[in-house]
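Sequences are here, hints too, so could you generate the full structure?
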Amino acid sequence: MYKLRKIRFSYLIWETFCMNASALAPMETMDPELRGMVERCLQEWEGREGNLIMILHEIQNRHGFVPREASLFLAEAMGIPMARIYEVLTFYHYFKLIAPGKHNLTVCNGTACYLKGSGRLLTELERRLSIKDGETTEDRMFHMESVRCIGCCGMAPAMVVDQKTFGKVAVTDVAGMIERIRLQEESDA
Amino acid sequence: MPESVPVKAFQELLDAVPQVLFEQWIRIGMDTGGIAAGADRLWDVFEKECAVTGVEAVLQRTGTCGYAYLDPLVELKSSGHAPVLYGCVDEPLAVRIVREHLLGGRLIDDFVVAPRRRSKDLGEADNIVLVKDSSCEGEDRTATAQSLLLKALRHHGLQDRVQVVRALDMGIYKEGLVVQLLPSGVTYTNVLNRDLERIVEQSIRDRAIVEDLLFNEPDPQTRIVLRNCGSIDPECLDDALRHGAYAGFARALGQGSPGQTIDCIRESGLRGRGGAGFPTGTKWKLTRDVEADLRYVICNADEGDPGAFMDRSILEGDPHSVLEGLMTAAYAIGAGKGYFYIRAEYPLAVKRVELAIAAARKRGLLGKNILGSGWDFEVEVRLGAGAFVCGEETALIASIEGKRGSPHPRPPYPSVKGLWGKPTCINNVETLASVPWILTNGAKAYESLGSGNSRGTKVFAVTGKVRNPQLVEVPMGTTVSDIIYKVCGGVQDDVPIKGVQTGGPSGGILPEKHLETPITYENLQKLGSIMGSGGMLVMDENDCMVDVSAFYLKFCVDESCGKCAPCRVGGYQMLQLLLKISRGRGSEDDLVQIDRICEAMQSASLCGLGQTAPNPVLSSLRFFRDEYSAYIEGGTSYARKRKKALSEGKSMKEAV
Chain A
4 MYKLRKIRFS YLIWETFCMN ASALAPMETM DPELRGMVER CLQEWEGREG
54 NLIMILHEIQ NRHGFVPREA SLFLAEAMGI PMARIYEVLT FYHYFKLIAP
104 GKHNLTVCNG TACYLKGSGR LLTELERRLS IKDGETTEDR MFHMESVRCI
154 GCCGMAPAMV VDQKTFGKVA VTDVAGMIER IRLQEESDA
Chain B
8 MPESVPVKAF QELLDAVPQV LFEQWIRIGM DTGGIAAGAD RLWDVFEKEC
58 AVTGVEAVLQ RTGTCGYAYL DPLVELKSSG HAPVLYGCVD EPLAVRIVRE
108 HLLGGRLIDD FVVAPRRRSK DLGEADNIVL VKDSSCEGED RTATAQSLLL
158 KALRHHGLQD RVQVVRALDM GIYKEGLVVQ LLPSGVTYTN VLNRDLERIV
208 EQSIRDRAIV EDLLFNEPDP QTRIVLRNCG SIDPECLDDA LRHGAYAGFA
258 RALGQGSPGQ TIDCIRESGL RGRGGAGFPT GTKWKLTRDV EADLRYVICN
308 ADEGDPGAFM DRSILEGDPH SVLEGLMTAA YAIGAGKGYF YIRAEYPLAV
358 KRVELAIAAA RKRGLLGKNI LGSGWDFEVE VRLGAGAFVC GEETALIASI
408 EGKRGSPHPR PPYPSVKGLW GKPTCINNVE TLASVPWILT NGAKAYESLG
458 SGNSRGTKVF AVTGKVRNPQ LVEVPMGTTV SDIIYKVCGG VQDDVPIKGV
508 QTGGPSGGIL PEKHLETPIT YENLQKLGSI MGSGGMLVMD ENDCMVDVSA
558 FYLKFCVDES CGKCAPCRVG GYQMLQLLLK ISRGRGSEDD LVQIDRICEA
608 MQSASLCGLG QTAPNPVLSS LRFFRDEYSA YIEGGTSYAR KRKKALSEGK
658 SMKEAV
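Line by line, the protein sequences are chains A and B.
Counting in this note's numbering, the first sequence runs from 4 upward without gaps.
Counting in this note's numbering, the second sequence runs from 8 upward without gaps.
Calculated from the structure, these hints are not laboratory results.
Since this is a predicted model, take the numbers as computed values, not measurements.
There may be inaccurate statements among the hints.
[What the hints assert, rightly or not] Calculated pairs, SDA-like style, for lysine to any residue (alpha carbon to alpha carbon, straight line, at most 20 Å):
id	chain 1	residue 1	chain 2	residue 2
1	A	K171	B	V498
2	B	K520	B	R629
3	B	K651	A	T175
4	B	K344	B	E385
5	B	K410	A	P103
6	A	K171	B	K587
7	B	K587	B	D501
8	A	K135	B	A254
9	B	K429	A	E61
10	B	K651	B	A637
11	B	K369	B	A254
12	A	K167	A	P70
Encoded structure:
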């Protein structure tokens, strides 16, 4: 877990440095759609004090994560150093810097869920998807993570699968959840 | 006293609210928990069924009334019956409810939740008899009692007027067979089969109380903060106004001065419900006394404590009461702008607060010249982003300012130098939700509840290995065991209780022998725990205290902002020691070292997070030292066995 964090952290540092180099890269390379979206977010919060976090929230809400280009664009548009934006992005757990998987499986790891066996759910997910907590499968289909309390302690242990909350999840339910998504994907394809 | 402008303006606003009295209504508990259990699908089913059967009933959306273990909850009022609450409602049951209850007038067995309001007087004619066997051992006698009651009713020719219904939950536990008459609420406990005849004859036929069976204990709960949760539509201002929202605020604005409002709150003895318990009135006065051109109020809804969900439930169930509390606070301290700082993980709460703000603004309760008083006030929502430390005042302010949430040394306190350098008053959701009630019912009424220096009520989120996890609101001074055994029905599967953790990662563990302690800020502190935001986690014999302490500590280590060394380094090192012990490789020296680190963290950390992070470890060392010793003496083989038992959720004996 800690090792993983360290790796992730050094990745961020690496990325921050790279960004300074790419700061010289022309802004035209940015996806116009993304750029328009970021501009809209900026406009909405323009002139309001302490708006950085809310703008980042907006971007993540609409785009799923905060891409590097978006932060770069923000830094220039708002006239603040890139480091200030990354300071905020990396401090708060809520912000994602890399694209999440197509389907997100979230295990609540609040105390109530922990006592009622959320650890077993995590192990089962890790086993079934062959990835670790906080990782995405290679085909970018599934992303799994454990989160702090989602506030459904009355029905612990809880899981959130693609924004839908499930309560009193048993270890044996996990395989079914994954399989249902896979079948859905296959029938869509 | 002549009526002032704001009071008149508010009266006009109230008069404009359509007064509707529905003959039949269906209220669906649609908070996050309810929706997760399928309440949103129920809405469609009810809508469709009502259309198909031609039943005229108004569908309403409400928050939760706190019974999280019975989600999704549906309350309905049909003509001819008092309102009835159904729990664990699924789609087929929703269809049955419409057809059998609304259309046929017949309540449905096994899903009715009894009201907690118990009376000693038989009022008007009772037409419902609820029955439930509340003991856990032996055969369930509910069905037998039901048929015996029916037989007795038939004997007296009452079977057409009175119906007997098996209940899902009575709110009374281990009291034998429970019989409740509705709508009066007269409750009989420890009823034997031979008493059933007497109940029918005396209580139902002759309207007299059967004294020897009467359950005289009132429900330990008193609902002040949760007064409207579960009964009003949180997305409708009219509904809130009909339930008395903003009346206290309008009166304070129109008839009193800010000083009087502060005095009223000070007299009520209300203390901050976020954890530290600082007197709210004093906080308001301190902020008001600082000279400034602009002041701020902030509602702290960053409920990071894992295992607590009362703030979410209040915001989702009755956002107007919190907004009213915030407006009152702003008026009292002379603030011009307010913020709601809400966790981004609670999207529904965010949505409902935003709707409440927009609705209030539209009616002139927010904005310029509120209710014609000449006072301006604006509110904005800001989202947290998953940092536990942002529940700390100075870190929260940094986060609203758009920075990373690191705390600052205090003093200067936020009441002197807070948001953007201006005096700022930060109050918890629950504190603010209590304010309107105090304004309407008076400081004396609030002050009369509670014990010692802790007045009023407190909401607890009781979870973990408890039979019925739910929200409980009790007067201060209620004992922990009353909450767990009388309200929540005791421990799950009747495994002996080991301890109760209060206050989340900043709190401590109360062992079984201290469960009779009345809950007050001071008592909990004496036992090495804190009130905290009100999470109450029940742990049974199978849980391992070393493991739980490590879990909490890991949480604090992950959440440490890294600004000060005692918290950043101390927490990490202590966690390593704890993990070493839980692998069976610890020694007695490690415990001494842990003690030393705890002391350093408590005295030298910058903010509350670091100062209180050692609490779970310290209190488990104080009360459950033998468990640490077992790991140290038992070595790796013991640790392996313990781990296996834990991962299977069994006791040591069963697993080995």
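Cross-check of the supplied hints:
| no. | hint | result |
| --- | --- | --- |
| 1 | K171/A <-> V498/B | holds (17 Å) |
| 2 | K520/B <-> R629/B | holds (13 Å) |
| 3 | K651/B <-> T175/A | holds (19 Å) |
| 4 | K344/B <-> E385/B | holds (5 Å) |
| 5 | K410/B <-> P103/A | violated (25 Å) |
| 6 | K171/A <-> K587/B | violated (32 Å) |
| 7 | K587/B <-> D501/B | violated (32 Å) |
| 8 | K135/A <-> A254/B | violated (54 Å) |
| 9 | K429/B <-> E61/A | violated (27 Å) |
| 10 | K651/B <-> A637/B | holds (16 Å) |
| 11 | K369/B <-> A254/B | holds (17 Å) |
| 12 | K167/A <-> P70/A | violated (25 Å) |
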